[in-house]
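Protein chains in written order, with numbering that gives the first Met the number 0: chain A, 0 to 439; chain B, 0 to 439; chain C, 0 to 439.
Quick caveat, the hints were computed from the structure, so don't treat them as lab data.
Where hints are given, some of them may not hold.
Copies of one chain are not kept apart here, so a pair can be met inside one copy or by any two copies together.
[What the hints assert, rightly or not] Heads up, simulated DSS-like pairs for lysine-lysine below, C-alpha to C-alpha not over 27 Å straight-line:
{"hint": "1", "residue 1": "399", "residue 2": "417"}
{"hint": "2", "residue 1": "78", "residue 2": "399"}
{"hint": "3", "residue 1": "417", "residue 2": "289"}
{"hint": "4", "residue 1": "399", "residue 2": "237"}
{"hint": "5", "residue 1": "423", "residue 2": "289"}
{"hint": "6", "residue 1": "423", "residue 2": "54"}
{"hint": "7", "residue 1": "13", "residue 2": "234"}
{"hint": "8", "residue 1": "417", "residue 2": "13"}
{"hint": "9", "residue 1": "289", "residue 2": "399"}
{"hint": "10", "residue 1": "54", "residue 2": "77"}
{"hint": "11", "residue 1": "399", "residue 2": "77"}
{"hint": "12", "residue 1": "380", "residue 2": "107"}
{"hint": "13", "residue 1": "211", "residue 2": "107"}
{"hint": "14", "residue 1": "13", "residue 2": "423"}
{"hint": "15", "residue 1": "38", "residue 2": "289"}
{"hint": "16", "residue 1": "380", "residue 2": "289"}
{"hint": "17", "residue 1": "54", "residue 2": "380"}
Given the structure is predicted, the values throughout are model-derived calculations rather than measurements.
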Amino acid sequence: MNQSNINIGEEIYKWASDLFPMCRSITGQGVRETLTYLKNILPELAIFEVESGTKAFDWEVPDEWNIREAYILDPDGKKIIDFRNNNLHIVNYSVPTDVSLSLEELDKHLYSISERPNAIPYVTSYYERNWGFCLTHKQRQSLQPGIYRAVVDSTLAPGFLTYGELVLPGRDKTEVLLSTYICHPSLANNEISGPVVTAALSKWLISLSERKHTYRIVFVPETIGSIIYISRHLKHLKESVIAGFNVTCVGDDMAYTYLASRHGSTLADRVARHVLGHLDPGYVSHPFLKRGSDERQYCAPGVDLPVVSIMRTRYGDYPEYHTSDDNLDFISPEGLGGGFNALRCCIEVLELNEILVNTVLCEPQLGRRDLISNIGYGPGKADIDRRVLSHLLAYCDGSKDLVELCEIINLPLWDISKAIDILKEEGLIEATTVNRSKMT
Amino acid sequence: MNQSNINIGEEIYKWASDLFPMCRSITGQGVRETLTYLKNILPELAIFEVESGTKAFDWEVPDEWNIREAYILDPDGKKIIDFRNNNLHIVNYSVPTDVSLSLEELDKHLYSISERPNAIPYVTSYYERNWGFCLTHKQRQSLQPGIYRAVVDSTLAPGFLTYGELVLPGRDKTEVLLSTYICHPSLANNEISGPVVTAALSKWLISLSERKHTYRIVFVPETIGSIIYISRHLKHLKESVIAGFNVTCVGDDMAYTYLASRHGSTLADRVARHVLGHLDPGYVSHPFLKRGSDERQYCAPGVDLPVVSIMRTRYGDYPEYHTSDDNLDFISPEGLGGGFNALRCCIEVLELNEILVNTVLCEPQLGRRDLISNIGYGPGKADIDRRVLSHLLAYCDGSKDLVELCEIINLPLWDISKAIDILKEEGLIEATTVNRSKMT
Amino acid sequence: MNQSNINIGEEIYKWASDLFPMCRSITGQGVRETLTYLKNILPELAIFEVESGTKAFDWEVPDEWNIREAYILDPDGKKIIDFRNNNLHIVNYSVPTDVSLSLEELDKHLYSISERPNAIPYVTSYYERNWGFCLTHKQRQSLQPGIYRAVVDSTLAPGFLTYGELVLPGRDKTEVLLSTYICHPSLANNEISGPVVTAALSKWLISLSERKHTYRIVFVPETIGSIIYISRHLKHLKESVIAGFNVTCVGDDMAYTYLASRHGSTLADRVARHVLGHLDPGYVSHPFLKRGSDERQYCAPGVDLPVVSIMRTRYGDYPEYHTSDDNLDFISPEGLGGGFNALRCCIEVLELNEILVNTVLCEPQLGRRDLISNIGYGPGKADIDRRVLSHLLAYCDGSKDLVELCEIINLPLWDISKAIDILKEEGLIEATTVNRSKMT
């Protein structure tokens, strides 16, 4: 990784550290605080509030949940579990409670993982009114019989679901969708890495002097949020989105992962495989069968958007997933910088991608233009490998886009863009009217 | 294999034992006796007689052959070969003969296999008037010079070709064809296993409270019989048959074999591969190049029916094939029960197969319907793995049938039918108008 | 290889030996001498002259180059490099020169290969006025400081580009293109093997009593010559050529090589793979990415002719390539005979190839026609394996040509042509109207 990505990685890590402690859920103040922080980075970010009870396809926005305090006192009155220490201690969406109860009764409300005895699990109960506490298995086993007191100072009442949207217009109406989620409390890779890397991508996109595509970037609570968003924009999304990326688990520094769209061969799939194939030939490739995040909605039958996931380590493929061990130590500036870089490369490829066609029949005379050496086999003035020029001229036939062409010649698109520019300047290749069926 | 298949296997073996001794040929009393026995099991079986000389495509029904006695007396007048001991001793369709002749002359009419010296081969001469005897190579080598007498008390004269047909109507006009042959004398795997397993399948189909498809089940002499049958029903078969199975060699207990249709990717092929892939992942897969039975006619150019073979050990792939060693010891209740089970599973898959489509956009809320647990990741009331429900909802897009869907999710169709029923009851998926082009 | 190919190989080698010493270039007397020699073998050969300055697509015919003498005198006046010894010594297209210069200055005009110190390299400077000498690296290193004299007695002036064309009409208007080049000086495999094998193929084609296809055979200077030729005949070539072969590097006796067309699945590709797959299962297969000869023009976008290369060892895949080691010792009668044979087989396959269809439904009765034995499994009167007859009847369905059919049944087309003839005679199969889309 180059120095620029490391610097970016460090900035992204700083944002992650700030956002990590907030207690997010699918609704409530934690989400608003998160979006407010992101709006400081991205002033153009628009924040939307959707009323509880609003319907979206098979779903309904639930009551808004907020929490102030939650703890358990042991038989001696000692506070043995406290939400203030770790917001994973409370089952997300726990209803207000203040009860004294035996250990046996309390145990029905406790969650731990025997295989990972020092980690606090992450548990939710969004759609069934319930309460519970999560704790390490070690602590759970140490609890002595007696009367405990469990206090949950929360509210669960009509309110709003909150999400953010940033639309960066481009030259064309074709859109690229970036979607990330903001609904998990203090989890690092499988939550906060997504919004911070997406924020960095947004900042970089804003800084570009020109964009070919329009970028639609959404920060939504997982599942219910993407469903709400799709329900509000389905027609437009289906008409405009040529590629999309669900951004999650982009903070650790292990191998890269590609998770296919449902169709498996959309432009987003081809771009993701092209980019990861060159950045990390040993990347992990998963079919849509292994889905687990908002691609479930974006790729659902009838929605059918060309959305893939590019991750570092996929949710579920690391044992720290959905536990207190998925914390700021699990992610790193290098990991975040790498995640940023992979997605930026995908966007660059989408910006560069087009269908080119030769303007002359047979090979043009490159020597006359000093594009290749006139004696022997050396390069010409532009110092470009003659095979690259020849491959471009041989395969630019108006029937395939540059991603396909690059797969044939086995070079990353970013490595041949200079050669493309020169051949365009020389008038030897030109873009054809974009064939949408080929581009998507 | 479960107990029910073993019990069925034993019943099937009993039928095989009864039918084994009859001297079948492509015409004659042996065929009629066989069909009469099967009609006892399947009273609905219709028996048809087709007159000698009747034309069918490039063929003509030959004269009917019947045989009472056939033997050879050695120079001492001792009966050394007797049709009564084994009906393979006589070349099938031998003309009436009573001659005395030298060993040298006799030898031109003898057939044996040097590589398998204790086995009597099976030889026919349907379309050229001839006579001959088959014997073990060992016996042939022991024959001493001298004058022998060869007697064949047969008739070969205008008569009929006989076949059986059973049509079990279903809810739809789509038809499934089962075809088996009844023309070999005492051969067990490569003859009698076919009609008895087919009879068991017929009995089971009759017992079903409802059938989606119509089942057309034919018991015909091989080659000439299927050609006659096709010539009489070609238009109807081409319009109606969505899948067919040639039933032969289903009695031994070695690995399963799939022999593809000519096209190789019909519904019958997909179902056979789906079923055998789950019943016996090590099953043998043969292209149509390895054909050898009535699929040659059903899949001929211009006939083009979607017919495959599911076998235990394929004709020609076992050394006992077409010899007296392919006898009742070569097949077993377990083998027959397994052959029955594989074909029954194919039929069950065909009955369950349909094209389903989601009724809601995005994932439906399964928790609200108690189809998954509302807290944690456990199953809901119906105790169905949430991944199975999710996979069904993700892939039921109206573009693929359940066999294709099951290949994607790598589960046998019979294992997900409960989940399908529940999602249908909940109104979350529904059948679409059958797209015949997809179904065939 | 059979005796006939060895005899042909010896004749071809004789021609190669005669043509080898001539100093060819892309224009000039060397090309004319070469074509005159070939016209002695092929009196029908038409020779065309194209004036310098004639435009063709992005190119222009350059001035004509001729050379009489070229040498270098060392400081002692000794002739140390002499074009008369080896015409590779002079950089092709060197302008007239007579200068005295220091070793340092001379060195800028010298070309050698350090990795191959005893070989003289082959260098050209067609499109930039320059001069130079090629020598062994060993000799170059032995040169002592002092004043050298370099003399090039050449002319570079308006004239003509010369090429040859032979059109052998066939029954149909479908054309097969053979293209080879005549522009390298004394190089054996990567030059002279091409025209001599092509001449032998032409002679053989002329000798045939009947040809189905028309054969268009061109002897052109590489690149500029094929571009000129295409520019003059593009419309006709696109309408008529069903398959083409660029003939080069067909003289050594190592493995065969196939270099795909740009599309990779044209009739020429299928035929080449079919032939080499049976002649030499270990043949080397290269994608179009590895192109390097006139297929670059014939397969260029917009030209898109179905042209492949069949070679022995591909240019660039042997270290002697483009050096004085690619000489008459590098090629052999066996190598040339093998190259001839591979291409002749391709032509035979193209002549035999057609789409056949059954005339009867179901299998025909072969026994009645004595095409198979009526008793047992032996062959009939024509002694043809019954599986071959059966395969032909099973797969001749009017949807695939014989090359595809042969790939399915894994037999070379030339091995089943007798069976095809017999089935045609019996009226059991017949050609269908050629479906051009299938044939190309």
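Hints, one by one, checked against the model:
1. In this assembly of identical chains, residue 399 and residue 417 lie within 27 Å of each other by CA distance solely inside one copy; the values are 19 Å within and 44 Å between copies.
2. For a Cα distance limit of 27 Å, the shortest separation of residue 78 from residue 399 qualifies neither inside one copy, at 66 Å, nor across copies, at 57 Å.
3. Taking the closest pair of Cα atoms, residue 417 and residue 289 come within 27 Å of each other only across two copies (22 Å); inside a single copy the shortest separation is 38 Å, beyond that limit.
4. In this assembly of identical chains, the alpha carbons of residue 399 and residue 237 lie at most 27 Å apart whether taken from the same copy (22 Å) or from different copies (21 Å).
5. In this assembly of identical chains, residue 423 and residue 289 lie within 27 Å of each other by CA distance solely across copies; the values are 24 Å between and 42 Å within a copy.
6. Within a single copy, residue 423 and residue 54 get their C-alpha atoms only as close as 51 Å, which misses the 27 Å cut-off; across copies the closest is 22 Å, which meets it.
7. Taking identical chains as interchangeable, the C-alpha atoms of residue 13 and residue 234 are never at most 27 Å apart, the minima being 38 Å within one chain and 65 Å between chains.
8. Neither within a single protomer nor between protomers do residue 417 and residue 13 lie at most 27 Å apart by alpha-carbon distance, with minima of 35 Å and 50 Å respectively.
9. In the homo-oligomer, the alpha carbons of residue 289 and residue 399 lie at most 27 Å apart only across protomers (20 Å), although the nearest pairing inside one protomer, at 30 Å, exceeds that limit.
10. In this assembly of identical chains, residue 54 and residue 77 lie within 27 Å of each other by CA distance neither inside one copy nor across copies; the values are 44 Å within and 96 Å between.
11. In this assembly of identical chains, residue 399 and residue 77 lie within 27 Å of each other by CA distance neither inside one copy nor across copies; the values are 69 Å within and 60 Å between.
12. For a Cα distance limit of 27 Å, the shortest separation of residue 380 from residue 107 across copies, 19 Å, qualifies, whereas the shortest one inside one copy, 76 Å, does not.
13. Within a single copy, residue 211 and residue 107 get their C-alpha atoms no closer than 55 Å, and across copies no closer than 48 Å, so neither meets the 27 Å cut-off.
14. For the identical chains of this complex, residue 13 and residue 423 are neighbours neither inside a copy (42 Å) nor across copies (49 Å), given an alpha-carbon limit of 27 Å.
15. For a Cα distance limit of 27 Å, the shortest separation of residue 38 from residue 289 qualifies neither inside one copy, at 33 Å, nor across copies, at 52 Å.
16. In this assembly of identical chains, residue 380 and residue 289 lie within 27 Å of each other by CA distance solely across copies; the values are 24 Å between and 49 Å within a copy.
17. Within a single copy, residue 54 and residue 380 get their C-alpha atoms only as close as 63 Å, which misses the 27 Å cut-off; across copies the closest is 25 Å, which meets it.
Comparing the model with each numbered hint stated earlier shows that hints 2, 7, 8, 10, 11, 13, 14, 15 do not hold.
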